[in-house]
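Undergrad: Sequence:
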Amino acid sequence: MLFAAAEGKEFIIPDGVEKIASYAFCSAASSVIHIPDSVTKIEKMAFNMYYMTENIHIKDVTVSENNPELVRDGQCIYKKSDKSLAVAILHENGELRISEQIERLIPDISVVNGGMSLEKLVYPSCLKHVTAPAFDALRARNVYFTGNVPPKVSIPKSFEEDALPVDCQVYVPETSADAYKVWYDEYKCYVYVDGWHTYNPEMGF
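In terms of my numbering, the numbers along the sequence shown are unbroken and rise by one, the last being 187.
Source of the hints: derived by calculation from the structure; they are not laboratory data. No experiment lies behind these values; they were computed from the predicted model shown. One or more of the hints may lead you astray.
Said to hold, decoys possible - Within a straight-line C-alpha distance of at most 20 Å, the following computed EDC-like cross-link-like pairs (lysine to aspartate or glutamate) qualify:
1) K102 <-> E184
2) K1 <-> D64
3) K65 <-> D90
4) K26 <-> D167
Working from the sequences, and respecting the hints, build out all of it.
TA: Shown next as C-alpha cells:
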C-alpha cells in the first residue's frame, strides 16, 4: 500500500496488502485503521504525515488476531519474529507504556495519535536492545526505565545525535541508579538530561 485515501470513522486495509509504505496514511482522515492478516510489514512513519509530523486524525490501529507476524498488545503493535516495536499508539492522556512483550527498538517506528503531547513514556523491563535513533522516535517530558539493567544500544556509523533519551526527566529503579548513570555517561548523554530521579518499583510510579 503506497497511499490510502481513507475517509469515514474506520478504514479496513484490503486483504492481500502485504506492506504499508512510509507515509501511506499521510492524508488519511479516518479515526481507526484495521490491519488484516496479509500485512506483515509496516515501514517507518507509515501513519505519519510528511516533514516528520504525525497524522492527527488517526487515533487507533487494530490488527487481525490471525495475523502471522503483527500483534497488538496494549498501546503497541510489535513483530513476532524479533519482538520489535512497529507502531506506538499514544493514549489521549499523553501517556505511552511500551508492551512487556517488546524486547527490541529499531528506528522503523510509526506513531499514532501523535498530535498529543507525550507526557509520560514507560519502557518495559524486558527491553534488551535498541538501535539508534529509535529512542529519538519517541520523545516525552518524563521517561521511565523499569529494567534492572539498561538495554544495549547499537549506533550506526553515520549516526551523530544523542543515542539515549535527553531533554527530559529520567526515572530509573533506585537499586539500578548507578548502572543507568554509567550507561548515560558512556553515551555522553548524562549532562543533557533535564532531571534525574529514582523510584521504588514496588511502590509503582
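Undergrad: Hint by hint, note whether the structure agrees.
TA: Going through the hints against the structure:
no., hint, result
1, K102 <-> E184, "holds (19 Å)"
2, K1 <-> D64, "holds (17 Å)"
3, K65 <-> D90, "holds (13 Å)"
4, K26 <-> D167, "violated (29 Å)"
Hint violations for this structure: number 4 only, all remaining hints satisfied.
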